[in-house]
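Produce the complete structure using the sequences and hints provided.
In order, the protein sequences belong to chains A and B.
Number 359 marks the last residue of the first sequence (UniProt numbering); no jumps.
Number 359 marks the last residue of the second sequence (UniProt numbering); no jumps.
One copy or two, either will do: identical chains are not told apart, so a pair holds if it fits within one copy or between any two.
Simulated pairs of lysine-lysine, DSBU-like, Cα-Cα distance not exceeding 30 angstroms: (1) Lys71 with Lys57; (2) Lys46 with Lys16; (3) Lys355 with Lys182; (4) Lys44 with Lys31; (5) Lys314 with Lys245; (6) Lys257 with Lys208; (7) Lys16 with Lys66; (8) Lys69 with Lys314; (9) Lys142 with Lys208; (10) Lys136 with Lys52; (11) Lys69 with Lys57; (12) Lys12 with Lys141; (13) Lys69 with Lys31; (14) Lys71 with Lys52; (15) Lys48 with Lys31.
Just so you know, the hints here were simulated from the structure itself, not pulled from any lab data.
As the structure is a prediction and not an experimental result, all values here were calculated from the model.
Protein chains: 2
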Amino acid sequence: MKIIENLSMKQKPTLKIIAKELDVSISTVSKALRDSKEISEETKQKVKAFAKLYNYKPNNIALSLKNRKTKTLGVIIPEIVHHFFTTVISGIENYANQRGYNVIVGLSNESFDKEVLNLDMLANGSIDGFIISLAKETLQKKDYHHLRETIDQGIPIVMFDRVLDEISCDKVVVDDIETSQKAVQKLIDSGAKNIAIITTEDYVSVGKLRTRGYVKTLAQNKIQLDESLILKIDDHLNEENHLEKLEHQVKEFLQSKNIDAILAVNELYAITAMKVARAIGYRIPENLQVIGFTDGVLSKHAYPPLTTVSQHGKEMGKQTAELLIDRLENESKEADDKYKTVIVKTEIIERETTKSINP
Amino acid sequence: MKIIENLSMKQKPTLKIIAKELDVSISTVSKALRDSKEISEETKQKVKAFAKLYNYKPNNIALSLKNRKTKTLGVIIPEIVHHFFTTVISGIENYANQRGYNVIVGLSNESFDKEVLNLDMLANGSIDGFIISLAKETLQKKDYHHLRETIDQGIPIVMFDRVLDEISCDKVVVDDIETSQKAVQKLIDSGAKNIAIITTEDYVSVGKLRTRGYVKTLAQNKIQLDESLILKIDDHLNEENHLEKLEHQVKEFLQSKNIDAILAVNELYAITAMKVARAIGYRIPENLQVIGFTDGVLSKHAYPPLTTVSQHGKEMGKQTAELLIDRLENESKEADDKYKTVIVKTEIIERETTKSINP
DNA sequence: TTTCAACACGCAAACGTTGTAGTTGATTTC
DNA sequence: GAAATCAACTACAACGTTTGCGTGTTGAAA
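Structural data, given as C-alpha cells:
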C-alpha cells in the first residue's frame, strides 16, 4: 500500500526513498544497484526490481558534486545560425555523447562581454572544460584575460577555427594558408590571370591567413601582386541587414577592375560576388571563376553551384571534443601534457563556378 | 604567506577554504558573502575582500543539489545544421540567459532512439525542463512513452513546431493552416491557375497542416482540387546526399503537369523546384511563381530571391523558453496550471519569385 | 551585582551519492 | 569451546552550499 502510494507520487525516487521502502540502509541500496558482492543475491534482486519498477536513475547532480566532474562540455561560439559552427557542434555533440558527455552551448554573438559572461556563467562547476571559437570583438580588443583566468583555474580550453597564438592550449584549425594556396593555384591553372580576393579585415585570423596564402601563391607563380585586387570587407557589412551595402561595395570593386577570378573567404562573399557579377554582365564560370570557403547550403544550392573549400566542420568538432575529453580524463600523468594543435584537412569541392584545369 | 601559497594553487576556492584561511566558520563566510545582518560589518568586509581576491564563485553544482533545481534547460531538436532550428535555439538561449538559465543541447538526428536516449540522459537531474521538437521517426512510430514518462516524473516539457495533440503540455507553433492559406491566396490573387504543392508525407504534422491549408484555400476560391498537383516527397530524399533523386522526382512532377505556381513546404523543396523548373525552360516568376516556407539563407540568396513564409524562429524560441521558465518558477499555485499553446504569427516575405497582386 | 537583550558567530542538517570502516550474528577452526 | 573467519549488512564522512537555531560574549538596564 505504501508502494502504491509512492507510485502515484511523481516524486523522483532516491536511494533514500528506496531504502526506507525496502527497510534496508541507503548504502545497501547503492551497493545492490552497483552489483557489489558485499550484498546477497537475494537482496540485490529485490532492490533492482524495485528500482526498475520506479524507474530509478542516479541523480546526476549529486554524482557531479561527489566526483567533482560534471561530464559536461561547454561550447562557446560566436553565432549559431551559421552553417560552419553548427556543423562543428554536431561533430562535438556526436563524439561527446559517445563518450558519455553532454554539451552546453553558449553564444557570444561576436561580443566580447557576452563571451566573458558565458565563460563566467559556466566556469563555476557547471562544466569540465571549454570548447571555444572566439568572438570577433575579442580578436579586435586582444583582451584575453578571461581565457587565461579560466585556464589558470584548471579548466581546460580547446580553441577551434578562430584561435590565438598567444594562449597556450589545445587547438583545432584548418591550414588556412595552404588551403587558400590550393584554391588560388587551381584558379591559375585553369587560366585565370587577374585573380581577386574578397576577404575580411586582418584581425579575423582566418581572413588574414587566407589572404596570406593568396599572396604567397601569386608570388610562387611569378604573378605581380596588385594590392587593389584585395578587397577587405568592413566587418559590419557581414550582418544580414547590410546586404545592400555589401553588394554595393563588391559592385564597385568588380567594376573598377578587370577581374577573371575571385577567391572569397566565406560563402556569403562568394554568393554576393556572383550575384553582383551576373548583374553587371559577367558569365560564370566562362569569364569569371569563383571559389568560396565553407561548404554550406548556400554553395550547394547557389546558381550556379559554387566550387568551394570544405573545412570538414564535423571532423573539426570531433577533434576538439576528443582533445578536450582526453585531456580531462588524462589528468593522470602530466607527462602527456604538451598542448596539441590538430590541423584538419580541407578539400576543394568542384562544382560549376570553376573551369576544368588546362592541361 | 599562506595566502601566497594558495594563490599559486589553481584549486578553486570554496567556502571551506576561505573559512579556514580567515579562521572563521563556513557559515560565517557564507553569510558574509550574502550580506546577512547576522555578521558584523568588519567581518563582511574582510570576507568579501578575500573572496574577491581569490575570485570565489559559488559552486553551481552544489547549489543545484541543494536547491533541487539546475537552472538549466534541455533542448532536444532533430538536427542542428538547420536554419530554422538554430534560429529557434538562438531565441531560446537569448531569453534563457536573461533569466539566468543555461541551455543544454541534445540532437536526435531524427531518430527515435536517440531522442529517447537524450531525454533519459538529461532527465536525471541535469535539467529542470525540456524544450523539444520531435524526430520524424517518433512521429512515424507514434511512440510517445518517453514524453509521457518525463512529464509524469514532474519534468515539464514544451514542444515547438513538431508538436503532438496527444500529449498535453505547453506548445509553441505557427498556424500552419492559416499561413499556408495566406500563401495560396496570394498565388491565386496574382493570377495563378494551376497551383501545385510540394509537401512531405502526412506524418510530419507541418506538412499535413500546410497541405490542409492549401486544399482549403482552393475550395474557398471554388477551384477544383486536382490531387495530382500534390507532390508528397518521400522522406529519405530530404537528406543532402539524395539531392539528385529529389530533383528527379520534382522534374517528373513538373513535366507531367501544367503548373504555374508552387507552394513548397520548406526551403529545400522550393529551391529544388526552382532549379529544376529553370532547367526545363520555366521562367520565374513570369510563368512559374514559387513560395517557400522557412525564411533561411537559401531563400534570401537564391536566384531569384525566394518569396517565402517567415516563421520567426527567434520569437518561437523566446516563447518556448518563456513558457517553460514561467512554469518552472510558478510551481507556486497550480491554479495557473492549464497548458498553453502559443501561436506565433507568420509573415510572407515578398521577394522575386512571385508577381505583384492583380488589382 | 544580577539580568537580559543585542550582537556575532558556530553547529548541524540537508540535498543524493559513494566508499571506507565498522557492526552484527553465525559458522568454521584447532 | 574460545578464537578466528565470514557473510551481509549499516554507519559515517565527504563533495559545497544554505539556513534555522543555539550559544557565548558584550554592554546596559534593573
